[in-house]
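Chains as they are written, first to last, in this note's numbering: chain A, 1 to 348; chain B, 1 to 348; chain C, 1 to 348; chain D, 1 to 348.
Hints are supplied without guarantee of correctness; some may be wrong.
As the list claims (entries may be wrong) - In silico SDA-like cross-links for lysine to any residue, where the CA-CA straight-line distance does not exceed 20 Å:
(1) A:K253 <-> B:S189
(2) A:K107 <-> A:A66
(3) A:K255 <-> B:S210
(4) A:K255 <-> B:K267
(5) D:K191 <-> B:K114
(6) D:K143 <-> D:F333
(7) C:K114 <-> D:S303
(8) A:K191 <-> C:Y39
(9) C:K267 <-> B:K267
(10) D:K191 <-> B:S189
(11) D:K117 <-> C:R304
(12) C:K191 <-> A:E61
(13) B:K191 <-> A:V118
(14) D:K191 <-> C:A282
(15) A:K267 <-> D:S53
(16) D:K267 <-> A:S53
(17) D:K191 <-> B:S210
(18) D:K114 <-> C:R304
(19) B:K267 <-> C:S53
(20) D:K114 <-> C:K191
(21) D:K191 <-> B:G209
Simulated from the structure, these hints should not be mistaken for laboratory data.
There are 4 protein chains.
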Amino acid sequence: MEKIKVGIIGATGYAGEEIVRLLHNHPQAEIVTLASRSYVGQPYSNVYPNHKSLTDMLCAEEDMEALSKEADVIFLALPHGLASEKVTEEVLNNCKIIDLGADFRLKDVNVYEKWYKVEHHGKKLLEEAVYGLCEWNREDIKKCRLLANPGCYTTCSILSLSPLVAEGMIDISSIIIDAKSGVSGAGRSVKLDNHFAEVNESIKAYGVGSHRHTPEIEEQLGYRAGEELTLTFTPHLVPMQRGILAVCYATLKEKYTWEDVNAAYQKYYGNEPFVRLMAQGAYPETRWVKGSNFCDIGWKVDSRTNRIIVIGAIDNLVKGAAGQAVQNMNLMFGLPENTGLDLIPMFP
Amino acid sequence: MEKIKVGIIGATGYAGEEIVRLLHNHPQAEIVTLASRSYVGQPYSNVYPNHKSLTDMLCAEEDMEALSKEADVIFLALPHGLASEKVTEEVLNNCKIIDLGADFRLKDVNVYEKWYKVEHHGKKLLEEAVYGLCEWNREDIKKCRLLANPGCYTTCSILSLSPLVAEGMIDISSIIIDAKSGVSGAGRSVKLDNHFAEVNESIKAYGVGSHRHTPEIEEQLGYRAGEELTLTFTPHLVPMQRGILAVCYATLKEKYTWEDVNAAYQKYYGNEPFVRLMAQGAYPETRWVKGSNFCDIGWKVDSRTNRIIVIGAIDNLVKGAAGQAVQNMNLMFGLPENTGLDLIPMFP
Amino acid sequence: MEKIKVGIIGATGYAGEEIVRLLHNHPQAEIVTLASRSYVGQPYSNVYPNHKSLTDMLCAEEDMEALSKEADVIFLALPHGLASEKVTEEVLNNCKIIDLGADFRLKDVNVYEKWYKVEHHGKKLLEEAVYGLCEWNREDIKKCRLLANPGCYTTCSILSLSPLVAEGMIDISSIIIDAKSGVSGAGRSVKLDNHFAEVNESIKAYGVGSHRHTPEIEEQLGYRAGEELTLTFTPHLVPMQRGILAVCYATLKEKYTWEDVNAAYQKYYGNEPFVRLMAQGAYPETRWVKGSNFCDIGWKVDSRTNRIIVIGAIDNLVKGAAGQAVQNMNLMFGLPENTGLDLIPMFP
Amino acid sequence: MEKIKVGIIGATGYAGEEIVRLLHNHPQAEIVTLASRSYVGQPYSNVYPNHKSLTDMLCAEEDMEALSKEADVIFLALPHGLASEKVTEEVLNNCKIIDLGADFRLKDVNVYEKWYKVEHHGKKLLEEAVYGLCEWNREDIKKCRLLANPGCYTTCSILSLSPLVAEGMIDISSIIIDAKSGVSGAGRSVKLDNHFAEVNESIKAYGVGSHRHTPEIEEQLGYRAGEELTLTFTPHLVPMQRGILAVCYATLKEKYTWEDVNAAYQKYYGNEPFVRLMAQGAYPETRWVKGSNFCDIGWKVDSRTNRIIVIGAIDNLVKGAAGQAVQNMNLMFGLPENTGLDLIPMFP
């Protein structure tokens, strides 16, 4: 089989760079273009010296149309609002698109415009776009041209809660998600909020009651529930490079045991290559998934309060971005889903 | 006025050392004994070289009875189970006791023994002990001999939620506290869980549904509510030295505005020297209280879910331990409450 | 005595903020103006929320002339090149100036312009300016109007090596200084180099063979030696908030013992309030000076190579900037040198 | 070709675990035994949950003799003093040994016993052991039975300085190495020195003038020089997980340019797969090699002092331990040297 020709637009952000890292060891893909507006003409390995001696490619212009004729698939890692403008029917006739941004994740354009506060330019394509959470949309992903890769917080939150919602085991009006992220989730943008001395040795919540991943989680869990739902989502910034921990609270509808819950998780994830279910009494920690495509999930049934506490952990740049994007590419091109993703978490 | 003679038992733990740091600049107190079982006979400044040239005291035996005859007040910073054995009526006839441990915090000895899994040896004194949360128990503190200094998570959680509970603004069955702590909260004990390479670059929840600060929060908030309550409390370990962030969720009983809630907080904390209420849209971060005795509190009324999210931040070693202990000492000896505690948070 | 009226220009940088923190507890000084070009009109406690409830001052324009009429002393914390322009004879007739920048540290304007690559606008004042390393220039400092506060790396390096140079114990052509700094030393400026994810989990040397603190160290050690000298200085960026560790290497002129060296250090620093000499076999670590004005110094005589390794540690924002500036102010106004500087290092 | 059967003794230390991680993706090797005295009988993935779902092996007894009959090669990751006892002629008749410890690195047993302060039990095998620095001993490595894998500081230091010594470009009596390491280099042992709150937010030198890697560097550079040499080596502990930065100082014998030096480095490393030479003006940082087997090297010719500053960076657990061990295994078994080592540094 000929290798899949890959273009990356936004290749010099953290997610873009992670795709480059992952594809380096992917036996069926080759990168043909690394596009980055800010660094056009510069060696990629100057921008990211970890790639020195591994690639001699230069950063190219972000010319989606030209690239679509050359590549079999384009990964987009752009600020929101740009993808919806650049992805056109013409582009999609030429190649497949995997969008790591938010533009095609929400089906309801009003919800998008309300939370993101920008106009959506690609409404016609919204219907077609497939939400790329492989564990739940595998069959649709295989057939799609335009894939919306889920957000990092959302991947972790949705994977953690979906079995309980799908099985009707929790009161869907009671969901609270308290999530924590490493700083790479904020991207490589240069601002005071990302300054080492401002972030280090502190923890803060942000986007309290207003973070844009909220409607994405609500929409997807709503599909599981078969009805709309509203939840509370609070993200936090933690002084570490990578990792997301989503701690999810919900009221149980009945007096379930740990084993009852386990049966639900086994039903949906028992054969999933990238979901690992913890033993009773063990809980995920971000260190155990760092650098890998795994999502670890554990839970506690708190009989005192009749609540369940479900904890999920992922690497925000892998399962929360680049790794999931490659997993989606594999599905879209008929490859084994874990091709190039046999990554052991790196510890310490 | 003669200076208060202070003894510290458990002076070489992090909380003990912080008391030494704070009392160094306290104009009305002088340390007479630094006791530490593990380092008897060694210069204190060898154990903590930051104190080099500031003290030439040696670590002494932990002899409570002898010390009680010499000191006006003894700070106890011991593992739980020891204080209840060592504090006796005789000791209390000699001097006042400020216990930074858990032994005298819970009024119900059964609750204590259930959560701490040790026998309580000082049941007679439990009744007498005063819970040293100055903002709520000021008058009792002034008169007491035996003070139970609150835990770090609990100080932050109780201060954050008390006005809402006292005013009956939230459904007390809906309380969930998702709290995050720096590593100094785990103490100076040497174990794999505290190893730099195991803690750094990761976040985890621990004690899920079973942490010992849970009943302490429940008891104190119960006093505010006038009835017993049960809540969910999940602590986390964050790779930083100091700081606690408590993010508290509860369902509002009515459609309150931010201003309604502000009125409640102003009522209880408007004149408190160590509580700072955030402006609308601003939230506490642990970096802004580090090294100080402040508790910062902010909140969001989430009208979508009719929940309130209250966020509190303290320095676990100051307002969560040593600073509050000194604040209590000041009250117990008739000094202005902020004596020696005029600490500006150190940033960065 | 009336309090010293203090103005701070550049009050919203890290060094400026640290002066504010220190002066808050200084019994003989009061801040009259906090000037900051970037934040004019904003509450200082919005820029630095750690100061919330402690000051309600607003950030003012940086009007040196007006301020000089109001203040007894102005602290300047500005990028290099600005102070030499703003400090005039007229200003100095009105008040004293303590410049935390580099403009008045080097006596030779050619050396300044070569290393800093800007023109010097205050050549006439260069002669008058006093280099504010209290331990070595105390008497001159007491009498001066214009004080050049030493750099952070330089304070630590010069204090560490001066006794050996002054006593002629080392070959002055053999000096190599390998220094390490926390990130606050890079200032609060927003650039990719300061991004958390770029700095964290890495160490790098920078300014190799070209850092601007090199000629400052050479000039000052040259005064000790009574002749010019050239040395190698390599700074490093360490993923931590504060602290400088200077590890200095030199060849001994004779076979000295640890005790011989100790005699030299005791001679110069035995009575210094802010220099702490380590016992044999102990070496400074930045954690033991954090938040304080101490400089800790230790050394090893390596008989295998006939070299001495001298290690110094300071807090770059205190003894390396704001603390030393306050120490200088105390001297310039006839106060006890340690007024307001009785700071115990904060650990952990 | 049949896969190489690999046993690991000391599999639960950080270096041991890193071998497991690397071999997981090695196409020609399979692990047959994971031995660890402390965890016998426990699932390996309980000790290191990052391996969950990747291996179901249990930790086995450390029985070298039995294992030698089953395995083609044994990796030893043991505290010093143990390997010299356990590796026997009989064991070596059964299988090859790659020792990651120090016991077989120094040819002179007196030097070993002086610096390590233990008796050496395998003197007869010392002569036979090959020092496994692939870039310099490749041919000997291919033929050996007993391989001494270099230390982490030593790998970085020797690779950085060897070309200059071999070409006679520096005064070998002038060498000073100031090296910095992440905390994983201290191993997983539980002691106060490794406690997060003691290590974080600080930097310190340790083993000043006495670190055990000193004679190893001296011996190996001595081979390059053709004569014995003595140097100064100072290691430091940096608050990060991984990485070594070795900053090496030496006096140039002549007025060499950057290009002259480059020619020397190109001569020795121009074709090396795991050495990357920096462009002029660029210097290694540990972040760019993290997780990979690369050694990055850059240098500055400081004409002011006629010194050269050479900077090397490696990941201490990969090129400084497990990666180099696998590289050696590849050579010993006739495989392409980079088999299983095509690791892109993981950033951030």
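query = Can the restraint linking K253 (chain A) and S189 (chain B) be considered satisfied, given a maximum Cα separation of 20 Å?
reply = This hinted pair is violated, its Cα atoms lying about 41 Å apart.
query = Has the given pair, K191 (chain D) with S210 (chain B), been kept, meaning a C-alpha gap of at most 20 Å?
reply = violated (28 Å)
inquiry  = What's the verdict on K191 (chain D) and S189 (chain B), does the C-alpha distance respect the 20 Å limit or exceed it?
reply    = holds (9 Å)
inquiry  = Check whether the Cα positions of K191 (chain D) and G209 (chain B) lie no farther apart than 20 Å.
reply    = Violated, at roughly 30 Å.
message = For a C-alpha distance cap of 20 Å, please report whether K267 (chain D) and S53 (chain A) respect it.
response = holds (17 Å)
ask   = K267 (chain C) and K267 (chain B): Cα distance at most 20 Å?
value = This hinted pair is violated, its Cα atoms lying about 60 Å apart.
ask   = If you draw a straight line from the CA of K114 (chain C) to the CA of S303 (chain D), is it 20 Å or shorter?
value = holds (16 Å)
query = Under the criterion that the straight-line Cα-Cα distance not exceed 20 Å, is the pair K107 (chain A), A66 (chain A) satisfied?
reply = violated (28 Å)
ask   = Are K191 (chain D) and K114 (chain B) close enough, with their CA atoms no more than 20 Å apart?
value = Not OK: K191 (chain D) and K114 (chain B) at ~31 Å, beyond 20 Å, violated.
Given hint S210 (chain B) paired with K255 (chain A) - CA-CA distance at most 20 Å = holds (18 Å)
message = For a C-alpha distance cap of 20 Å, please report whether K267 (chain B) and S53 (chain C) respect it.
response = holds (17 Å)
query = For the pair supplied as a hint, K114 (chain D) and R304 (chain C), is the alpha-carbon distance within the 20 Å limit?
reply = Measuring from Cα to Cα gives roughly 14 Å; hence the hint holds.
Hints 1, 2, 4, 5, 9, 12, 13, 17, 20 and 21, counting from the list given before, are not met by this structure.
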